[in-house]
Amino acid sequence: MRSKAIFSAVIFFILFLSEAPALENIWFSATPPDKISKKIHYGMRGQACIKDEDGREKKILWIRSGNFPVESPYADHSSRKKPVFFILSPDKKLIKGELSHGLPGYFLTFEGNLEGFYNLYLIEKFVKKEILNIITAKAEVISHKCSKGHGGMKKKMAPKILKHAICFEILRKRIPGEDFHTFLSSGDKATFKVFFNGTPLKDSKITFKTQKGWSKSLGTDINGEAVFQIIGDYYPDWKTLNQKKIHTFLITAEHTIKKTGIYKGIAYKQIHYTGTLKGCYIPSKTLYSSSMYGFFLLIFIIITTAVFIYFHRTRRKKLFQEYTFNEKD
Amino acid sequence: MKKIRTFINNSNLSRFRFYFQIAAFILFIYGGYFSITISEKLPVFACPFNKISGGTCYLLPLQHQLHITLSRFASSRGLHLLKGFLIFAGLSLIFSKGWCGYICPLGTIQDWITKTRRYLHIRFSIYDKTVFDHLKKIKYILLFLLILIPIGVKNSFVGLPELPHDIFPPFCKICPGRILLPLFSGNTSQIYIDFSTKTAMFITASGIIVAGIFITGAFVKKRFFCLFCPMAVLLFIFSKVAFFRLNKDGAKCTRCGNCYRVCDVGIREIADDITNKNMVKEDCIMCFKCVEACPERRCLTVSFLSIPLFTSTETGFFKRYIPEGYSPPDNRSME
Chain A
1 MRSKAIFSAV
11 IFFILFLSEA
21 PALENIWFSA
31 TPPDKISKKI
41 HYGMRGQACI
51 KDEDGREKKI
61 LWIRSGNFPV
71 ESPYADHSSR
81 KKPVFFILSP
91 DKKLIKGELS
101 HGLPGYFLTF
111 EGNLEGFYNL
121 YLIEKFVKKE
131 ILNIITAKAE
141 VISHKCSKGH
151 GGMKKKMAPK
161 ILKHAICFEI
171 LRKRIPGEDF
181 HTFLSSGDKA
191 TFKVFFNGTP
201 LKDSKITFKT
211 QKGWSKSLGT
221 DINGEAVFQI
231 IGDYYPDWKT
241 LNQKKIHTFL
251 ITAEHTIKKT
261 GIYKGIAYKQ
271 IHYTGTLKGC
281 YIPSKTLYSS
291 SMYGFFLLIF
301 IIITTAVFIY
311 FHRTRRKKLF
321 QEYTFNEKD
Chain B
1 MKKIRTFINN
11 SNLSRFRFYF
21 QIAAFILFIY
31 GGYFSITISE
41 KLPVFACPFN
51 KISGGTCYLL
61 PLQHQLHITL
71 SRFASSRGLH
81 LLKGFLIFAG
91 LSLIFSKGWC
101 GYICPLGTIQ
111 DWITKTRRYL
121 HIRFSIYDKT
131 VFDHLKKIKY
141 ILLFLLILIP
151 IGVKNSFVGL
161 PELPHDIFPP
171 FCKICPGRIL
181 LPLFSGNTSQ
191 IYIDFSTKTA
201 MFITASGIIV
211 AGIFITGAFV
221 KKRFFCLFCP
231 MAVLLFIFSK
241 VAFFRLNKDG
251 AKCTRCGNCY
261 RVCDVGIREI
271 ADDITNKNMV
281 KEDCIMCFKC
291 VEACPERRCL
301 TVSFLSIPLF
311 TSTETGFFKR
321 YIPEGYSPPD
331 NRSME
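One line per chain: the protein sequences are A and B, in this order.
Numbering follows the working numbering, with no gaps: position 45 of the first sequence is 45.
Numbering follows the working numbering, with no gaps: position 77 of the second sequence is 77.
These are calculated hints, taken from the structure and not from any lab test.
Every value quoted in this text rests on a predicted model; they were computed, and no experiment measured them.
Do not rely on the hints blindly, as some may be mistaken.
[Claimed, not checked] Derived, one-sided and incomplete: chain A residues facing chain B with beta-carbon distance under 7 Å:
| # | residue |
| --- | --- |
| 1 | 147 |
| 2 | 215 |
| 3 | 298 |
[As the list claims (entries may be wrong)] Straight-line C-alpha distance at most 30 Å; calculated DSSO-like pairs for lysine-lysine:
| # | chain 1 | residue 1 | chain 2 | residue 2 |
| --- | --- | --- | --- | --- |
| 4 | A | 202 | A | 245 |
| 5 | A | 285 | A | 128 |
| 6 | A | 244 | B | 198 |
| 7 | B | 173 | A | 285 |
For every residue, glycine included, the Cβ atom is placed at its ideal position computed from N, Cα and C.
Extracted from the complex, chain A is given alone in its bound form (with noise of 0.2 Å):
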């Protein structure tokens, strides 16, 4: 009776202890649902694109909500109202997208035909539990075509921010030497800097999130940023083995402030501001690849070749010889 007593007691004290159901974020993701994915086709870095009937291509990404990449549900609907999005596109101006619902939930499409990343956002606000939670979801789409060449990369890749419409936002910073075609893999530094009101933001909680599940919170340093090294979380079977497997990570980001007032008719008392990236990788070469027998083999090679040809050089080498001819013969 009293083991019961005392098993029901920790029970309540670790359920008192442990977190309150996180809020359930939005965020962008680029895997279509099954029903509808035979029209889409896959561009670079996995960015699924459809073409409208008019046979212009567009880019596509659906809204999902929840706090993992695989187990979060397509945004319903039905329940929530129509977001308000942003889609920045990169010479740096807003551009007209259409935020459609089908099934299931939600999906924007846009064109991108400028070369660089465009940036999207979807904001919701809702009050509860007298905090008014600001959700921010942002992605980074790349579009780019080889034939419109590769000048101004670096300008073009800049990371950036839309400072007057978005007052919590993570950015990613470029890995050094990135470029369009380059993809994040796991084993690489991810750095996200987080914006207040566009000024970086210090000791914000943000969180890494892979595609598994794995997960790793850091506070934001004094430049409010934070550095994640994207974790190698796909060891599958040798002859299954895709070295292009695109995997989602999910960055989220939060940040409380005091402050109240009114939302639609319901008071608050905070703000409750948070952030979502949605980002990808693949595989590091490292898993199906190997340097060290690469500089083994062209060591081989060259001391092979080398000793072949000093040999077959030795083999032709004649020898002096010489020929006396007696004049009287």
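On the provided structure of chain A, position chain B as indicated by the hints.
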């Protein structure tokens, strides 16, 4: 003007070429540091796998643009292919094979390896004509495969399955430039064997083997890889109408054979052919060592848009090849 022309004709072009090659090498290997991108359709091995390259070799975009389904050749992709080829043609028309002799970083590396061999007093190899003629064909085979494989990766022919994607881009996978040129910027990432599939393993190992053979080959044979270079074939297409030319006046040729002896790639026609005016052959790298070594006045002439730039002269020959203080055996006028 005459003085300038005499100065040029008597100058040591090989020395000028040596420094020009260094400048071109720096430009095409480290140009990215200075945000320089000359072109993405260059007729030289400016390897894009070297992340700080100052340009891009045309063979990668060519393979990339051929990597489409047959139906898309009639679309904008076909136009891009044509546009790319026209840019390449334009660049080829300007310098013709001069790209090989003066600008190509892979050619420069071979010349440096040759210089090392010379300092070590190791003799170089010469192919006999039969071997030479056989080896020459390899570059045509490589060019044919370079065009066919990317199409075969995207299309199935006569019911056969598509070729595995692991071999794409086929020529880059076996090009020694991909492995060696990034090394000059401290990038060793291209020396690897991919074990993910058998095809990937085969093709990456082949690339390493070719790079190994390239190093040893260039050590014993001048401009070893140029004999197998598919770019040489593409450049040769335009050499007959190019602005940069090497002409021979057969009537002035004494067939002494100097030009053949100094030729890095061993073109026999330069000495034997006295009927044709155009001396730019498929293997010619337009280094103009032949012009330097020719003692006959105006027998060999380098011209740009029919303006003679450098011509063979007896004085120039003696200045370059005969030690100072030596005087010719008779009192002939040198020019």
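List, from low to high, the hint numbers that the structure doesn't satisfy. 2, 4, 5
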